Amino acid sequence: MEHPSKSSVLQLGILVFGALAILTAVEFVIALTTNLWQVLAIIPFVKAGLVLYYYMHISRLFENDEDVDKESFAYKLATNRIGLWLFLLSDLFIFGGLMISRINLLGLTRPDLIQFLGLGVTTILLISSFFANRAEVSMEYGDRKQFLVSITFTMTLGILFLIGVLGVEWRLAPFGPSTNLAGAIFYVMTGFHAFHVLSGVIFLAIVLRNGAHGLYSSEKHWGVEASVVYWHFVDVVWFFFYPALYLIGTLAK
Amino acid sequence: RRYVIIFILVIVSTFVIHEWLMLVHLFPREASIQSIAVDQLFHVHLWVISFLFSLIMVTLIYSLIVFRRRKGETGDGAYFTGNSTLEMTWTAIPLMAVLVLAYAGAKTLGSIRVIDPSALQVKVTAGQWYWRYQYPEFGVTSSDLYLPVNRQIDLQMTSVDVIHSFWVPEFRVKQDIIPGRTVDLRVTPSLIGEYTVRCSELCGLRHAYMEGKVNVVSQGDFDNWISQQQSAAPERPELRGQQLAQDYGCVNCHSADGSPKTGPTWLHLYGSTVKLTDGSSVTADDNYLKTSINNPNIQVVVGFPANMMPDFSTVLDQTMVESLVAYIKTLK
Amino acid sequence: MRKFYSIGLVRGLLWQILGTAIGIGILTGIRYLLGLTPWKPESACVFGALLGALFFVFGIGAVDGWIKMAAGKEAPEPDESSWGRSRYFGVSLDHKVIGIQYLILSLVLMVVGGTFAMIFRSELANTGMQFLTLMEYNTLMSLHGMVMIIGILVGVAAFMNYLIPMMIGARDMAFPRLNAFAFWLAVPASIILLSSMALGGFDTGWTGYPPLSVRAPIGIQMFFLGVSLAGMGTILSSLNVITTALRMRAKGMTGFRLPIFVWGALATSLISLTATQLIGLSFQMVMFQRLFGMGFFDPVKGGNPILFQHLFWFYSHPAVYVFVLPGLGIISELLPVFARKPLYGYKWVAISSFGIALIGFLVWGHHMFASGMAEYLRVPFMYSTLLVAVPTGVKFFSWLGTLWRGKIVFPVPMLFVLAGIVVFLLGGLTGPPNATIATDLQLTDTYFIVGHFHDTMFGGYIFPFFAAIYYWFPKMTGKRLNETLGKVHFWLMTPAFITLSTLMMRIGLLGMRRRIADYDPSLGVTIDNRVMTVAGFLIALSILTFFINAFWSLRHGEIATGNVWNSRSPEWQVPSPMPIHNYDKPLEVVGEPYDYGLPDSVYVKFIEEE
Ligand code: HEA
Ligand code: HEA
Ligand code: CUA
Ligand SMILES: [Cu+2]
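Taken in sequence, the protein lines are chains G, Z and B.
For the first sequence, this note's numbering assigns the number 22 to the initial residue and increments by one for each residue that follows.
For the second sequence, this note's numbering assigns the number 2 to the initial residue and increments by one for each residue that follows.
For the third sequence, this note's numbering assigns the number 113 to the initial residue and increments by one for each residue that follows.
Think of the hints as simulated: they come from the structure by calculation, not from any bench.
One or more hints might be untrue.
To be verified - For lysine to aspartate or glutamate, the following EDC-like pairs were computed, each having C-alpha atoms within a straight-line distance of at most 16 Å:
#1 Z:LYS124 to Z:GLU138
#2 B:LYS363 to G:GLU92
#3 G:LYS241 to B:GLU186
#4 B:LYS459 to B:ASP707
#5 B:LYS363 to G:ASP88
#6 Z:LYS124 to Z:ASP318
What the hints assert, rightly or not - Partial list, computed: chain B residues near chain G (C-beta under 10 Å):
#7 LEU348
#8 ILE354
#9 THR356
#10 LEU358
#11 LEU385
#12 LEU390
#13 GLN401
#14 PHE404
#15 GLY405
#16 ASN416
#17 ILE418
#18 LEU423
#19 PRO698
Everything numeric in this text was worked out from a predicted model, so none of it was measured.
All C-beta atoms, glycine included, are put in the ideal place defined by N, C-alpha and C.
All chains should be modelled from the sequences, with the hints used to inform the complete structure.
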């Protein structure tokens, strides 16, 4: 298959990011003005769809390679991909379970949190996702310098996110895990998610190090792809957690 | 010809098995209107089971005998790999059976849940490990369950600690009792006699022993029993309080003689000053006692765990709380 | 000493002890620094156990490869041909070794769990408390349940790991390292699970419902933690299985030419890959509730105990199909071999596995008919539950079709297969009465249920499992298990078990509740209980004979390196035991898997490189 030019791919990345940013802003505004939870429930799916398709390249799973030599790198790569996605599928069920619990226990109420901090960390994570995509693309086109830069950005933003949630939100929250249900839900959801972000950051750090040592080439960079896809996944999860925790419903007493 | 043999054998064994199942008495007595409907459904199942079991076992054993490899035989079996129409049929027939069962199941469920507005209401309190019953209509509390025959009973059940489950085998109905909410169960006793309620949800150590008497009696005997209870209930509040402290298991955690237990002793409690975990300290007057009975976690006593004492607010009405306080007073 | 230390397992255990100690130390230290009361046994134990498990996998070297990769070094798979016996006691990447390791672990767990059963069965032999305290009874009973279930999951993994690559003509699993890691996670997990006995036990049953489990002793934490870790293991191994079956198939092995067992394995893996997360989550939520006072299931805080049951059963029902689908796969796999006849309706059998698995996702509510869950949920769950009977029926009838007009032979594996069919039929047919709500309200939480699921589990797993052991033992060892002892095992176990389970159902109907340490003599079930206890011990005895047989045959069993059962399946076309990387020549599928009785047809042939 012929390759589209690098610049066009990067532009696509930017467009997608723009769309995501706008949708997030819309969410926020809706939440502040009319609290239409139905809309807030739908938007995340749209965002997730965008990321799945444009950033995580879910379509790559379905490329038919029956005739490819089973020992070839390409075939092994596709196998690894399937493995990774199965893992994500499985992980999805934890977060699904958490969502179900949240819906069941809190319904149309939500914990009392700092709106702008929430928006802040969400944006941070969104931008990090953008850079992650950028990193992967530049690696695909063998531009190592840009790759290193972007991945560093992704990581730092990820760390910022962690600080925002664990360092600030957890401290400032007017409730503890044992105060009330909203508290319990908030801590368990952010906790599980933060754990994934953390592992993602570590993963990225490893990739960064190996990248700096020049272990990846434009053909062979499974490590990069894996870490990036995982990172996007963590972001997608947050697409759902953010409205669930910050936007939907009225304050729980 | 083979099919004919098998067919006959299946029919025979179906009836044999079913009869045998009928002979060994499988179920306890039927002591409620509901139990009759339930047992009818059981019998449908018994038929289905005996038939399918016979069908498969007969064919299996027949094949094992007739198609076994005889001495000195080598060679393989007949070569055929399947037949879609046949597969269809034995997908379709069970499907039918399933639909029948589903229909019967739904119908029975409906019939055992018919609600009679004139039902006699009984409040059931389950706790580790006791049963308590209140008859709001008559203001009677008891640790045995007395039920008039042939009248629907509306059991309003709640638990003070963990999940329990109300089950009288002869009634054929069962309902888990969940702390923090009231679940209701309808049953219409139809047979005078003595039965046992058996808690059938694992609820900790003494789950095995969480059983209680159930007496289904004639309306007349029931009325007598009620009036007995009403007169027997001590009119002096503190005595009633003492009784309640027994009935509702307060004594499991609160001693009247100062001996240490899970909860603070009630000896010399009244009028004393109690230190609370929030640093403040209060004098144990009536109000304090009432609040700490109704919702103990508002004021938690120093040196004792919060959330330990069950929430009795749903269980004890105000007069009961007052009598309890009256009792605690006597210990000062 | 050094030699001792070089044995992976020993090293792992030492590290686990170390890790636990360190964990406890760290936590206490932190609490001290934060100025809290330093010694908080519960959190200390949990943290310690967790760290211990991590130390174990690290110490034994299950993650060395990954660490190397992360450090950017090359990490080639070691050549194990020279390792000999020691491969089995340390990290090996060979799927056959891992499979056998799984098998051993599974048998160990079964023995432990079964011994527990024997102990509390003896207690139940008479009314009144004989020699156990109430807490001991509950702990043994609950652990019996969970240990057995973990044992099954491990056993399932054993056969999936051992067989699938061979059956599809691959040289190994898709991710050998992940495979090893998943296994070595199960070991510390089992240890933690059992350590709950040392920490006061717990009295909640294997279902661990809150609020009871919130009030139980610390032991429950070990139970939750152990199960969560074991769950992680199963998730990873099932991930591996799916990928392998999708990607590593030999040339020409199209979907409907796979050995039927692979279909069962796929369906199973699909379940454990996804649903397992939810039992993990539900258990962890209770752990958090205990540790941090989060009120998920605490009515006082407005939590919802029923929510736990939904999360729990969303896994634990599909789980029961995780137990049986491979078992039924084995039945479908062996029947044609011993009937010398094609598997009847291959496609239908294959698809029915997925039918069961998929419907199985929609029926969890049938465990909660009496639990007070939302009324409107009950009836739909009844319908979906009954529906499962249909695909299961397809399997049964296809088995009959397979036997019909065959030339049936009866070596030990076949006996176990047949017993499996009968027992599973008993278990299956007692399912629908639980499924129609009205009757379930009578049956739930009685010994009828206990009877139901022992039948299904034995028929769907234990019997096929033994059949598989007798069948593939030659492949694993090159020796054959002794037939006579095998027959003794069979003729002890089968009647004893059928008595056991049938009596379970009977006393259940008569009103004996489950999970009781002592029962009311007035129920008139004392005799039945005695008989059941005896039956239990007979089963134990039979399994004892099995072990004797196994050890004896390993030494002086009849040599069997050829195609013992003259099967068509690829693994039997090469001499046993299997060489390290399975097939030295790649194989190609040229026929149908089960065309027994079709003259000069072959399933696979090896491609000769020119
Ligand atoms: C291997 C494990 C296994 C398997 C395969 C099954 C199979 C089934 N189970 Fe079972 N079950 C358990 C393990 C299993 N179960 C366990 C462990 C528990 C207790 C958990 C606990 O509380 O501790 C349990 C509990 C349980 C309950 C809850 C009981 C209660 O606690 O109140 C119910 C209720 O519906 C149920 C139903 C069924 C049904 C309908 C099937 C069906 O899949 C059966 C289908 C098979 C057949 C029906 C026979 C063959 C089919 C035919 C011959 C075709 C024609 C048949 C008909 C038309 C009926 N099971
Ligand atoms: C596959 C799973 C499995 C298996 C194989 C078994 C096997 C057995 N089970 Fe199991 N059982 C469960 C799964 C299983 N059980 C589950 C999930 C529960 C529910 C728990 C709960 O309610 O929470 C349960 C509950 C349960 C109860 C109900 C307890 C209660 O509700 O109070 C009983 C009672 O009789 C029982 C009995 C037995 C017996 C006698 C065996 C025997 O078949 C065991 C025989 C095997 C051995 C004994 C081991 C091998 C023997 C040797 C190596 C010889 C040496 C050992 C000795 C001589 C002791 N089991
Ligand atoms: Cu109360 Cu069991
Ligand atoms: Cu189930």
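Structure-based check of each hint:
Between LYS124 of chain Z and GLU138 of chain Z the CA atoms are separated by roughly 10 Å; this keeps the pair inside 16 Å, and the hint holds. The suggested pairing of LYS363 of chain B with GLU92 of chain G holds, with an alpha-carbon distance near 13 Å, which does not exceed 16 Å. Only pairs whose Cα atoms come within 16 Å are accepted, and LYS241 of chain G paired with GLU186 of chain B is accepted, the gap being roughly 14 Å. As the CA atoms of LYS459 of chain B and ASP707 of chain B are separated by approximately 14 Å, the hinted pair is consistent with the 16 Å bound.
Taken as a hint, the LYS363 of chain B and ASP88 of chain G pair is honoured in the structure, with Cα atoms around 10 Å apart against an allowance of 16 Å. Proposed proximity of LYS124 of chain Z and ASP318 of chain Z is supported: the alpha carbons are some 12 Å apart, at most 16 Å. A hinted interface residue such as LEU348 of chain B counts as satisfied when its beta carbon comes closer than 10 Å to some beta carbon of chain G; here the least separation is about 8 Å, so the hint holds. Because the closest C-beta pair between ILE354 of chain B and chain G is about 6 Å apart, less than 10 Å, the hint holds.
Of the supplied interface hints, the one on THR356 of chain B holds, with its beta-carbon coming within about 9 Å of a beta-carbon of chain G, less than 10 Å. The beta carbon of LEU358 of chain B comes within 6 Å of a beta carbon in chain G, closer than 10 Å, and the hint placing it at the interface holds. Given the 10 Å rule on beta carbons, the hint for LEU385 of chain B holds: about 5 Å separates it from the nearest Cβ of chain G. Hint on LEU390 of chain B holds. Least Cβ distance to chain G is approximately 5 Å, under the 10 Å limit.
Interface hint at GLN401 of chain B: satisfied, since its Cβ lies 8 Å from the closest Cβ of chain G, which is below the 10 Å cut-off. With 10 Å as the threshold, the beta carbon of PHE404 of chain B comes within range of chain G, its nearest partner Cβ sitting at about 4 Å, so the hint holds. Nearest Cβ of chain G to the Cβ of GLY405 of chain B: about 3 Å, under the 10 Å cut. The hint holds. About 6 Å separates the beta-carbon of ASN416 of chain B from the nearest beta-carbon of chain G, less than 10 Å, and the hint is met.
The closest approach between the C-beta of ILE418 of chain B and any C-beta of chain G is roughly 9 Å, which is under the 10 Å cut-off, so the hint is satisfied. The beta carbon of LEU423 of chain B comes within 6 Å of a beta carbon in chain G, closer than 10 Å, and the hint placing it at the interface holds. Because the closest C-beta pair between PRO698 of chain B and chain G is about 9 Å apart, less than 10 Å, the hint holds.
Every hint, counting from the list given before, is met by this structure.
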